[in-house]
Amino acid sequence: MIKPRRLENAILAGPLVLFLLAVLGFPVILSLIYGFSDTSFQTLSAPRFSGLENFRDVTTDADFWQAAGFSLRFGLLTAALECVFGLALAVYLAPLIQRHGWIVAVLIVPMIVAPAMMGLMYRLVLHEFAGPLPYYLYHWLGWSPSFLGPRNVFATVVAAETLQWTPFAFLLFLTAYQSIPQDMREAASVDGTRPWRLFWKIELPMMMPTVFVAMFIRFIDGFRVFDNVYTLVGAGPGGSTTSMSIYIYETFLRKGEIGKAMAAAILLFVSAFVLLSLAQRMLNRADR
Amino acid sequence: MKRRMGLRWLVFGVAAFVMNFPVLATVVTAFKSPGEVTRNASLWVHAPTLDNFALVLTISDRLNIYHYLYNSLAAALIGAVLPMIVAFPIAWAMVRRGLFRQVLFPLVVNLRALPLIIFAIPLYLMYAAVGLLDTRLGLGLLLAVVNLPLTLMLLVNAIAEIPAELEEAARMDGARLGTLLIRLVLPLCRPALITTFVFGFITAWNEFLFGLMLTTRDAVPMTVGASFFFATSGGGVQWGVAAAVMVVAALPPLILGLIMYRRISGSMVAGAVKG
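Protein chains in written order, with the working numbering: chain A, 21 to 308; chain B, 872 to 1146.
If we strip away everything but chain A, and leave its shape as in the complex, we get (with noise of 0.2 angstroms):
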């Protein structure tokens, strides 16, 4: 009786095993080749041995660390505001949703659109002469900044992406207060607690473990960003808007120095996989 059992357990599991092994083994395996040999994509059919000289390139350009610089600034800053203003939306709106469903769909939007897209549409925005945002400051203000250009870029890159993603944070802060009992609240109102006090000492320590799911998630997709800063700035002003993502990129096409984009890669692999670890680690803790 055990035997076809595992015949079937193989059978079950069989086709996702053998679609992990085409799409990510053999790269992986590949990888492994490339980020430790000294090739082009001229001599991309035998590359050649050349143990950790791709790691120590990629360790002494500067280029690379102001990219994890910009990376860990712009995940950090961006995790952070998108969760303050989605914390607050939700918790402010829930009252309105309750009796209106639909607001929720108007400010999903923007997570439906992609991201390259939004990329473009902000070139649209914040274009000089057809753009509506400098239009109406210079129009009210008489006044317009210069939007991309080097002081300001990083600025716009985090405001683009926190007005996008912020509705992420709002969703699952919204369900995160709407699953809290309401005769918590009910207890609370009896005993006259203000709007308030309600807030700070009941709501927000029970929604903190969604506070933490919230600012992991948005970090790891703010530190690996490549698509909307990518269509916005390309690489920005002097290469001030270089994400980790858009390093490896412009290293690989632009430049063909695939070694070298190979073991960029590794070692943000490594770094995201440190970092995923740890985080599992704490989520855990703080479940027990």
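Bear in mind the hints are in silico, worked out from the structure with no lab data behind them.
Only a predicted model underlies this, so the values are computations on that prediction, with no experimental measurement involved.
The C-beta atom is built at its ideal place from N, Cα and C for all residues, glycine as well.
Treat each hint with caution, since some may be false.
As the list claims (entries may be wrong) - Short, incomplete list of chain B residues facing chain A, as computed with Cβ under 8 angstroms:
| # | residue |
| --- | --- |
| 1 | 879 |
| 2 | 908 |
| 3 | 912 |
| 4 | 957 |
| 5 | 963 |
| 6 | 985 |
| 7 | 1077 |
| 8 | 1099 |
| 9 | 1101 |
| 10 | 1110 |
Once you have looked at the hints, place chain B on chain A.
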């Protein structure tokens, strides 16, 4: 009480306006003639015109938008359906037999958190070797990888909610495992399958990085095709036309998303909480 609701409406209005501002500006600009774009950058159109859309939807040497739309459609369909096919049987084994939960499940689910660029380069080299570069199938396979984690999670959740007694009853009647899965479990999972499909389709349609790296001409998807209109080659960007292209490109996921917004938001939350 009435006044407080009024303030809430105001906050909602401002938040919706600010967050949707780029979409609004794009829709408005799409109805402006080239002359009006240069003269009037406001959100009000004095002489609305459909010329931009007419131009975009006509096939010309410079642009065949149907080509991009078809590429996106084909790749997104592969990217949404394939993960369901490979994940469904193993999801059942994970729930009913408790198998593969130690290694495979966390492995797949954590794929979601990794930067896509890590896969893009080795896959580019692999595709170059097997001739999958610049094909809709090649792009679709990668989009399937992107969708796999959430698909697996949603299917595991859905199967766990089916009462085990139903399956046991069918087993008593002598149904074989294959029949049981296809005739009983699959139909019972239909709501989850629809959600998974819509979510996967939108994600795949909106993907940009893989399209940019792995396609050059034949299989260029809509998101990448739209960005071509912003390449300032001589004469600068034609904002009206570019805006019309973006409206067409963003419409399919928006329509799907707004029809099913409850399911979409539900699965986003489920994906976040279980991860």
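Hint check:
This hint holds: residue 879 of chain B has a C-beta 5 angstroms from the nearest C-beta of chain A, less than the 8 angstroms allowed. Evaluation of the residue 908 of chain B hint against chain A yields a held restraint, the C-beta minimum of about 5 angstroms falling below 8 angstroms. Hint on residue 912 of chain B holds. Least Cβ distance to chain A is approximately 4 angstroms, under the 8 angstroms limit. Here the hint on residue 957 of chain B is kept, as its CB sits about 4 angstroms from the closest CB of chain A, short of 8 angstroms.
Look at residue 963 of chain B: its Cβ gets to within about 7 angstroms of chain A, closer than 8 angstroms, so that hint holds up. For residue 985 of chain B, the suggested interface contact is upheld, since its CB lies about 6 angstroms from the closest CB of chain A, less than 8 angstroms. The closest approach between the C-beta of residue 1077 of chain B and any C-beta of chain A is roughly 3 angstroms, which is under the 8 angstroms cut-off, so the hint is satisfied. Hint status for residue 1099 of chain B: violated, given a least beta-carbon distance of 10 angstroms to chain A, over 8 angstroms.
Proximity of residue 1101 of chain B to chain A holds as hinted, the smallest CB-CB distance being about 6 angstroms (cut-off 8 angstroms). With its C-beta approaching chain A no nearer than about 4 angstroms, residue 1110 of chain B sits inside the 8 angstroms limit, and its interface hint holds.
When held up to the earlier numbered hints, the structure conflicts with hint 8 and nothing else.
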